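Student: The residues making up each chain are set out below.
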Amino acid sequence: MTEKKNNPCADGTCRVPTSQRLQTFDTSADSGDIGALVSATIDEQEIKVPMGTTILDAAKSLGIRIPTLCNHDDLCIAGVCRICVVEVEGQRTLQASCAYPITQPIVVHTHTRKVRQARRHILDLMLSEHYGECYACFRNNNCELQALAKEYGVDFFRFGHPEKPRHTIDNSSYSVIRDMDKCIQCRRCVRTCIDLQEVGVLEAVGRGKDTAIATYLDKPLGDVVCINCGQCINRCPTGALRANDSTDEVWAAIDDPTKHVIMQTAPSPRAGIGEEFGLEPGTPMTWQMNTALRRCGFDMVFDTNFTADLTIIEEGTELLIRLYKNLVEGDGSMPVPQFTSCSPGWVKYIEHFYPEYLSHVSSAKSPQQMFGALIKTWYAQINNIDPASIVSVALMPCSAKKYECNRPEMCDSGYKDIDYGLTTRECAQMIREAGIDLPEMPKSEFDEPFGTATGSGIIFGATGGVMEAALRTVLELVTGKKVEDFYEHADIIPVRGFDGCKYAEITFPDELGPVPELIAHLVPNWDWLKGVTVKVGVAHGTANAKKVMDDIKAGGKFSQCHFIEFMACPGGCLGGGGQPIPTTPEIRKARAKAIYAEDKAYGEAGKARKSHENPAVLRVYGEFLKDGPCGHLSHKLLHTEYTPRGKYIG
Amino acid sequence: MLMTQQDKLMGELKALVEQHGTHRNALIPILQDVQKRYHAISDFAMQTIADLLGIHPVEVYSVVTFYAFLNEKYHGKFIIRLCRTISCEMAGKAAVARQLENDLDIKFGETTSDGRFTLEWANCIGMCDQGPAMLVNDQVFTKVTPEKVHDILEACEKAFGPHTMQTEEEHVL
Amino acid sequence: MTTIMNDITFSTAEAGAGLKAALEKGRADVIGVVRESAMRGRGGAGFPTGVKWNLAAGAQGDKKYVVCNADEGEPGTFKDRAILSEWADLVLEGMTIAGYAVGAAEGIVYLRGEYTYLVRQLEDALEKRREAGLLGENIQGKDGFNFDIHLHMGCGAYICGEETALIEALEGQRGEPRNRPPFPVNTGLNGCPTIVNNVETFAWASMILAKGPEWFKGIGTEKSSGPKLFSVSGDVDKPGVYEFPMGITVAELLKNVGGGGAKAVQIGGASGNCIPACEFSRAIAFEDVSTGGSIIVFGPERDMLKVAENFLEFFEDESCGQCTPCRIGNTRLLEGIRMLQTGHCSMKYLQELCKLGETMQLASKCGLGQSSPNAFLSIVKHFRNELMGRACVMVCK
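Protein chains in written order, with the working numbering: chain D, 1 to 650; chain F, 651 to 823; chain Z, 824 to 1220.
Please keep in mind that the hints were generated in silico from the structure rather than gathered at the bench.
Worth double-checking, as some hints may not be accurate.
To be verified - Mimicking PhoX-like on lysine-lysine, the simulated pairs with C-alpha atoms at most 25 Å apart in a straight line are:
| no. | chain 1 | residue 1 | chain 2 | residue 2 |
| --- | --- | --- | --- | --- |
| 1 | Z | K1078 | F | K793 |
| 2 | Z | K1204 | Z | K1178 |
| 3 | D | K209 | Z | K1061 |
| 4 | Z | K1171 | D | K114 |
| 5 | F | K793 | Z | K1129 |
| 6 | D | K209 | F | K727 |
| 7 | F | K664 | D | K553 |
| 8 | F | K757 | F | K793 |
| 9 | Z | K1034 | Z | K965 |
| 10 | D | K219 | F | K723 |
| 11 | D | K647 | F | K658 |
| 12 | Z | K1086 | F | K793 |
| 13 | D | K209 | Z | K1129 |
| 14 | F | K808 | F | K727 |
| 15 | Z | K1061 | F | K798 |
| 16 | D | K557 | D | K546 |
| 17 | F | K686 | F | K757 |
| 18 | F | K723 | D | K647 |
| 19 | D | K600 | D | K589 |
| 20 | Z | K1171 | D | K150 |
Small disclaimer: the values here were computed from a predicted structure and weren't measured.
Work out the full structure: start from the sequences and follow the hints.
Tutor: Okay, structure coming up:
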C-alpha cells in the first residue's frame, strides 16, 4: 500500500483532465509532513498511513472491502461512479474513497445506512439505463456490475429497466465491438485510450443526460484511428466493449470434414488462459491446452514460438543488413534504429501517428503471419494438402491480430495467410463449450514439423522479450561465442522488467567470430562491428511508444539506438487486449513470471533457448527458404510493407 | 471543399493558434473565435486545431459537444436563444416560443433553410426580472411578446443586408 | 432593459478607497480585515472569504491566480449582471485587493457567454484602470505589486459556476468538477493556488477595506454578516435587484418587493429550497435558508409540479454528466414528475424518489448534483396534496 501506484497519476505524466486525476496536495506548508504518517480509523479499526493515501487503499490494507467501478489500478482516479462512497466524520456529504487522500486524522465508516442506500441507489440507477440480460452477455459471471448487483442484493429494478436498446451495436471494427447499451460511463476506456495508450479514440461527449462515450463525430470504430489494441476491453467493467468474436466460424470449420483446421498458439495465452478456469494468474497451461485443443477438434496444434524464432532470424538478419548499410556503406535507404513489427497494435499506431518513420519498421511479418504463410505453402506441400482446404487459426492474446490477419496484403501464400484470430478468452470459451476442464487435461506436445520451439520464442510474450531473443541470436552469430559467456544463464536482464521505456547498451568485443553460413552471402565479415556499442530500446504501451518516438524526433538518446522493440500493450503481449479479464499490474507480473519460467525450463531440460538453434527453423531454411533469411522467397512470404495512414480521420 | 478554401481556413486557424497559443488552455478561446467567424466548428477545423495543439480530435469534439455555445453543426447568422427557465416561463415564454416557431417556420434546435436563423433554448440568461427574455447572438431582448417577435426578426433581416443567400465563403463550413 | 433597484451601498463607494486602504496595510493585515468582517462567499456556498484568502496566501506556488466567478447561471439570479453593469470598477478593485493579499499577479474574470454584451464596457474599465496605474506593475507605487486582469468568456455551461469546473474550463477542458480535496486554494488553475470568488464578494471586499470590518459586521446576523444583494423575480410587483441585510425574513423581503399573497418562494434558485407561505417567517441567512441571492416568488395560482418540472429539466440538461447520481438521478426524478402529472405515481414510488433525492444530495461529486434534488424534495414535502392523485390529462407540450 505504501508502494506508489504504477499508474500515470503517480508520476504526474498523465494527460487526463485534472477532474479525473489523483491529485497531489500541498504538504509543504509544514515540510515535516512529507512522508509523515497520519492515522485513520476505518470501521473502528485504526491504521497509520502515509500522508495522501486514499481511503480506499487504507481500507484495503485493513482488509475492508469497498466496492469500486470507475477505479482501476492502471488508470488515473476519476471518482465518477460514486459506488465507493463512504461516510467521513465531520463531512456533510459522502466521499468517494478512491479519490479522497487522507491528509489529517479521520474517522471513516464504510457501511452505514446512508452508504448502503447510496450504493444501492447508484446500482439501481446504472441498471435503469443498462440494457441487456446477463445470460446473453459474454461477461456473464465476469462482470463487475453484475457482481455488485449480487453483492448489494439487487432483486428488482427499483427505477425501471430499459425495455429496448437505444443504441446500435458498432461492429465496424475487425477487433473491438462497442455496445453502448451496456455502458455505465465509468470512463475507464476513455482513460485507457487517451492516457494509458495515447491513442485518443474514445472520449466522453455531450453533457447532462446526453453524455456518452463516443468516437470522433460518433464515427464507427473501424473508421477512426483505433489501433485495435483492445486495452479498453480489458478494462471495461461490463460487456460494453468486447472483441469481435470468430468462434462460430472456427467451429464451423472444425465441423466441416473437408477442412484441415490448424491452430497455432502464441506464448501469452498459455500463461493467461488458466485464469479463465479459476486458476491463479501465472499458472501455465501450455501442455494441457494442446490436449484440450485437439479434443475440441483441431487437426493440428502448432507452436507460434516456431515462427517467433523465424522472426528473430529474419528480423535479426534485417538488422545486420541495416547496420552494415549504415555503418559500412553509408547507405541510409534502410535507416536505423530498426523498429520491431510483431505487435499489430503498434504497427497500426505508427501507420497513423508517425507514418514518416515507417521505413524504420522491420519488414518482417509478425510470427502469426509468417506461420500462416508457411502453413499454406511449405506445410501444404510436404503433407500434400490442398492449401484451399486449410483453415488456419491463430490463438493470440491480442485483439489487433484479428485486424492484422484481415489486412489485404496478408495473402502472400496465394490464400488468406491466417483465416481467423482467436483471443485467449474466445479459446477458453470454445474449450468450455466442448465440456473440457482445461486444468485436468493430460499434457501433450505440439505437433510436428513445427513442434520444436526455443526459450527465445516463448519470451516474445513479455515486454523486452523480442529484444532479448534478438540479442541472444545476434550476439552468438556475431561473436561466435555463447550468450552465457556474456550474461549468466543467457538472461539479458537490462531489457527485462516493466519500466515503460528501457534503454540498454551492449558492446561487441574486439574479437568476433566468422560469419555463419546462413547469412554469409549478406555480409563479408564482422570486422566493422568490432568494439561497436549496440544501443537498444524497449517500450511497451503506446503512451511509452509515443515518448520514445517523440524522443527520436527530438534527436534524443533513442534516436541513437540501433534497434527498438515496441509493444502496443502494457507489459507486452501478456497484457494483450485478448487476454482474460481483469488485468492489473500484479496479474501481468504473474504472467511474466510464468513466461520466464518456461524459458528457463527449456534451458534446464537441455532444449534450445536461442532462435538460431531451433532445428525446425534450420530445416525450413534447408528445405524451403533455400536462399536464406531475407532471401527472395522469404521476402515474398515472410516480409510485408506498411501503409502510411496518417491521423486525419476521413 | 475546394483546396484553396481549405488552405485559407488552415491559414486562419494557424493564425488563431498563433494568437492564443498552443497550450491546452487556449483551446476554448480558439474554438470561440472559430464559432464566431464560421457559425460552426467544422470537422476540418476540429482536426486541424487538434493537430496544432497536439491533442486528439476526439478531445476537441468532446469539448465542443459539452458547451452549448460551441457547435459542430452549422448555425445561422442569427442565433436566437429563448430562455426557458422558470421566471421566463412564468412570464409567458411559451407564447413567444410558438410565435418564433411560426414566424421562422422551424422548430427549436433547427436552422432556417436559408441559413439565417437558428432557434435554440437557453437556460437562464440572467434577465429573470424582465422576462420573457431572449438573446439574438450577443444582444439581449427583454419582455418579449409574440408581437415583438416579428419586429425583432425584421430588424435581423434588415441587418443581414441585401444578400438573401449566404456568400460562398460562409458555405465553406 | 433597466433593472429596478433599491438603495444599494455600492453606489456610495468612493472610487479607489478600498485599494488605497489595502495597500497601506501589510498583506496579512488585509486578510485580517476580511476575516474580521466574517464575510461569507456571496455565490451561494457561503465559505468564509477571509479563510479562503488566508489559505491561498499560505499555499506554496510559483504563481497564484485570482478568479472572479461571473458565470452567474443560477436560475433567478441576475445581481452579478447588475453589479458588473453598474459597479464593475468596485469588483475589479476587489480583485486587485485579493491579488495583493494572496500574492497573485494574474486575475481572470470568467464571464458567462450569455453576458457577452458586457464585454466592451468591462474591457474599457480594465483599460482605464491600467491607464490610471490601478492595474499593471508597481500598482499605486507599491513596489513589486504587479497585477493585471483579463476576461475569459464562458460558452454556455451552468456547471462552470462550480469553481473547479470553472478552472477545468479555463484549462481548455470540459467543465467537469474535480475531486476534492485538494481545494483550488492549494491546487487550482494550472496546478497553482487559486481563489475563486463571486462577483459580489469582490465588490463587498473592496468596501470592507474602505469602511472597515466593523461596519460590515454591524449589519446582518452573527453567523451571516453584512448586506446582501438579492435578485427578485416571479410573481411580484417590482422584480429587480435589492439589497437587504442578511437575516431578513422571507415575509419582510416580500413586503419590500410587492410579493403579497405569495404561495411559496424559491430561495437559492434551482438548486435552492422552496419555502411555503407557512414558513415565511424564516430568515434568509446561511444558518437558516441560504442563498446566493436568487428569490423566485410563486403566486397562488402557480402549479408547483410545473415548477419542479422546470427545475429538473434544467438540471437534466446542465448536469455535467460525469457522476452517476446526478447524470441519471435527475432524469429519474423528472420521470417521476411526469408520472405525477399524469396521475400515475404511487406514494411508494414517490417515497422511493425522495430517498433517491437524499442519495443525490449525499453521493454526487459536486455541489450541482448535491443540490439538484432540493427543489423537488421541498416541493414534494410542502405541496404533496397538490401533487398527488392528479387526473390523467393530455399534456400539451
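Student: Please name the hints from earlier in the document that this structure breaks, with their numbers sorted from lowest to highest.
Tutor: Hint check: 3, 6 fail, others pass.
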